[in-house]
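Asker: Protein chains in written order, with my numbering: chain C, 1 to 554; chain F, 1 to 554.
Warning: the hint list may mix true and false statements.
Any copy, or any two copies together, can satisfy a pair, since identical chains are not distinguished.
Simulated crosslink set (DSS-like; lysine-lysine; CA at most 30 Å straight-line) [what the hints assert, rightly or not]: (1) K159 x K36; (2) K56 x K394; (3) K89 x K59; (4) K86 x K139; (5) K108 x K139; (6) K139 x K159; (7) K404 x K392; (8) K404 x K394; (9) K89 x K173.
Simulated from the structure, these hints should not be mistaken for laboratory data. Computed from a predicted model, the values in this text were never measured in an experiment.
2 protein chains.
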Amino acid sequence: MKLSGILCSMMMLFLGNMNADAQDIFAEQREGWMQKALGTTPELMHETVRPVSVVKAVKDDAAFQGWRYEPVQETVEAALYERNFKDVKEITLDFGRHLTGYFTFHTKTLSRCQDAPVRIKFTFGELPAEMNTPLDPWKGSLSRAWMQDETVTVIEVDKDIAIERRMAFRYLKIELLGASPDFDFAIDDVRFDAVSSAGQVQTQLNDDAPEIIRQINDVSIETLRECMQTVFEDGPKRDHRLWSGDLYLQSLANRYSFRNFDLVKHCLYLFAGLSTDDGIVISNIFEHPVPHPQYGSYCLTYCLLWNSTLLEYLKDTNDMETALDLWPVARRQMEDAISYVGADGIFNQWARGSFVWLFFDWRDGLDVNTPMQGATIFALQQTYELAKMLGKEKEVASWPSLEKKMRSAARSRLYDSRKGYFVSGEERQISICSQAWMIKSGVLSAKEGQRALKTVLSLNESEPESVKMPGTPYGTHYLIDAMLTCGMETDARDYLIDYWGGMVRKGADTFWEAYDPNDDFLSPYGFSPVNSACHAWSCTPVYFIHKYPELFQK
Amino acid sequence: MKLSGILCSMMMLFLGNMNADAQDIFAEQREGWMQKALGTTPELMHETVRPVSVVKAVKDDAAFQGWRYEPVQETVEAALYERNFKDVKEITLDFGRHLTGYFTFHTKTLSRCQDAPVRIKFTFGELPAEMNTPLDPWKGSLSRAWMQDETVTVIEVDKDIAIERRMAFRYLKIELLGASPDFDFAIDDVRFDAVSSAGQVQTQLNDDAPEIIRQINDVSIETLRECMQTVFEDGPKRDHRLWSGDLYLQSLANRYSFRNFDLVKHCLYLFAGLSTDDGIVISNIFEHPVPHPQYGSYCLTYCLLWNSTLLEYLKDTNDMETALDLWPVARRQMEDAISYVGADGIFNQWARGSFVWLFFDWRDGLDVNTPMQGATIFALQQTYELAKMLGKEKEVASWPSLEKKMRSAARSRLYDSRKGYFVSGEERQISICSQAWMIKSGVLSAKEGQRALKTVLSLNESEPESVKMPGTPYGTHYLIDAMLTCGMETDARDYLIDYWGGMVRKGADTFWEAYDPNDDFLSPYGFSPVNSACHAWSCTPVYFIHKYPELFQK
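Pulled out of the complex, with its shape left as it was, chain C reads as follows (with noise of 0.2 Å):
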């Protein structure tokens, strides 16, 4: 086995070893995956953007996290470039919008010569109270490092600095941290290399949307634009990192915005390059210094994800010579998943003896068998659509009956049909996911759907702690989208316009990872400054809104 770069062969040997006995089933084909990913590598796009305003922070309750900028009437010109920094001290430019990319600024000499480094601190940040938060003592379970900002001691002035590292933000706060009393100087030409590789929209919405929808859709398409740099990335300000769960909301937005179906390609590439010894997808790649993935990170719903992606893909390109070069990927992704299903047709987490992690959402608690139990039949559909597409349905003969049983095993022991909802785990635990993904794999009709949903909808109205709603757009998402499997097309929008459009309302440029509309400061680690605001799997309205114009658009 040669992979691309020492590192990749050594996560490679690691990850082989998790599974010593197993033979490296890809072993002949792992290397041309590689290369083929290697080969679709897009070109970065860039622009140079420069600060729109000087703006001051103000504490505002009323504010989302309690905090929003308004803008300074001096230009920055007027405020920075013509002012010695000395008496600035301290200055916070606003960008516009969201950008991800490379800073550079230069410096002038003012009056004498510089005789003493200048030490100065950027702040960069995408949301007003990440950055008039106290970021120290640090309280984040997630790296301190993250946070963007870098103080920098300027030896020389009187040229251009950049900063090396890639900055994902929207604001710009700058400090003096140190200067000579003996001579003065300004900081001028503040820049931005703002990079992607999504390109043009490839789609418009109907003159007559309405405002709210025509945000949103903005908004969505923004925050893709951000995540699409040389993957699809989860989020540029954190993680950086191509996931495969991710992917595949990213790619379903994509169909209805960007319409750059070789960044898909390249992506579902990368996974296959990088599968396990026995053939398992990992949930997320890291591209840097070579691609490599997480090590043992196996989400054992995010690789049936990647069977949709592709699935969706071949739909899109009819890019059948990828999709048959991919198939035994999808292949084993789903026989994996079939090696957790009992006698009994019901999966079980702990089939193996250990646990395999099952991701549905950021939400505490959160009970996931039935859910897994939906998603593995959808999969079933799924892969086994794809085989057929591919011609490839008699190697998977059995499954059609497998995803019968299973429909049949779910209703009989996970269903509670008296009162017409989805119970997961135990507990009996309600949740909106258990109904959505039970609606999106039709093990539920439409109108059992609905009943379900609105009977579980209106328990979080009654009795809020008896019900695990969504805590991310990711979790809602699948929300929005069982809804209108189910028919439910106005709640679907009323829903939308609330919940994305409560983050728009509350002043998103980019969609955020983690929102709750009854709890601002919501965070998977502990410290919402720490969360990403440009997130990935918060795009997907553009998708909706393209995928059912009657109900979105009119």
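Starting from the known structure of chain C, fit chain F onto it as the hints suggest.
Answerer: Coordinates of chain F only, in the frame set by chain C:
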């Protein structure tokens, strides 16, 4: 006038404006001098140095400035390279000696793989107390950015990362500011590219030189070595500048150590090439981005020491070509100084109606009138000696009589013959500095000089507030020099051993910019950690020790 860069030209334009009516007296020569300066820029020699031990800080009132380091048993490998840095959290390394240059470190993954940036703070310092004194909020009068603490966000582990800024240090503290819970890493292969243009030491002590003299000699040489870069810098940690006053002392120390006279020539030419339109040698020069003088930094004492440096260079090298080439510059400095001398033969700092900066020492309230009378007389002698060596004495035929007149005026106006010492200014200030320069210039005979110094030193014992003692090794150099000039050999040796040996006993690897045996925290800048602990003007014991071998080396 064409110089070697836009900035230079700009600077010269500004400086030209200082004296808008003056003709550009060196218009034709200056470019040639600058070309000769650039043509003699030395190559730096490189040495890779690794830390020798791990140390821990100990608060100790008996230690210099209250802190010392103790070595830890564990090796650098065991304590750092082989250990998860998330467990190490903070460590201080001792590189064993003062170094100037560039730092590189490597990181390696220990478990799983990097999923987030890491943030590490590196603090480089020359002295234990500098490393252990909180720097913020900043109390120094110079730029906070001189302090050598840099925070690095490591976006990619498993590779070398270099800190671009040049550092001068012996100790390095490494602190973890941010890491991910999801992977482990070590910092390994910490190394330093130490640079100097000094070369090999060309002198050695007599075998029976006392141990303290040997130590003082070695520390002097290390101090000079560290300050010898592409120019003779004043200090490698702070200022990084070529000062003509420091150059004079460095050239004397260089004679008895590295004997690298090409570097002296390079520096003499830089000053000439960057002299003002009216021919003034500006006190200090920055090399980057292109050589340029500090705007408006006209220090007449330093102009005259440039002349002495040229004279000493000629004596060391017999390089008549260079000395003849630069003779007009020396004559101009002297003529400029003469313009301050009144008909009464007394140097008048206000002769031109505006203040002229005369630096003799960092000592608050030091009156410089009498010292400058002596320094001008000395410069007349030195520059006339240079003229004679170059066959140029006819050009300056009036100088001997002026010198005689100034000596006479000094004795009649500034000397308290009853008390046997010189006083300075309207307040009749008593200082070592006044006596030292009157001895150096020969105004006082050896016998009178001894009386003056002994009286003032004993007055300092009985009434310390009535005497201005030297505040730095720079001022102390001229005291030792005066003692040796007037036959106080034993006093000179004792004073040198007491003063510079005091630094050695307090742990100096290199000699400090400011040192008062009775005040560890003396600082010209309001905050001792910003002091330079390796300062050119403190390196002259090697000069005395070798110039007077019978006195110091037996």
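Asker: Next step is simple, just say for each hint if it's right about the structure.
Answerer: Here's how the hints hold up against the structure:
1. K159 x K36: Between copies only: 27 Å across chains, 41 Å inside a chain, cut-off 30 Å.
2. K56 x K394: This pair counts as neither: shortest intra-copy Cα distance 65 Å, inter-copy 71 Å.
3. K89 x K59: So K89 and K59 pass the 30 Å test inside one copy only (21 Å; across, 35 Å).
4. K86 x K139: Close across copies (16 Å), not inside one copy (32 Å); limit 30 Å.
5. K108 x K139: Between. Shortest inter-copy distance 26 Å satisfies the 30 Å Cα cut-off; intra-copy 38 Å does not.
6. K139 x K159: between (37 Å within a copy, 29 Å between copies)
7. K404 x K392: Within one copy only: 20 Å inside, 112 Å across.
8. K404 x K394: within (17 Å within a copy, 116 Å between copies)
9. K89 x K173: For K89 and K173, both the intra-copy (11 Å) and inter-copy (29 Å) Cα distances are at most 30 Å.
Figure legend: structure checked against the earlier numbered hints; the only hint not met is number 2.
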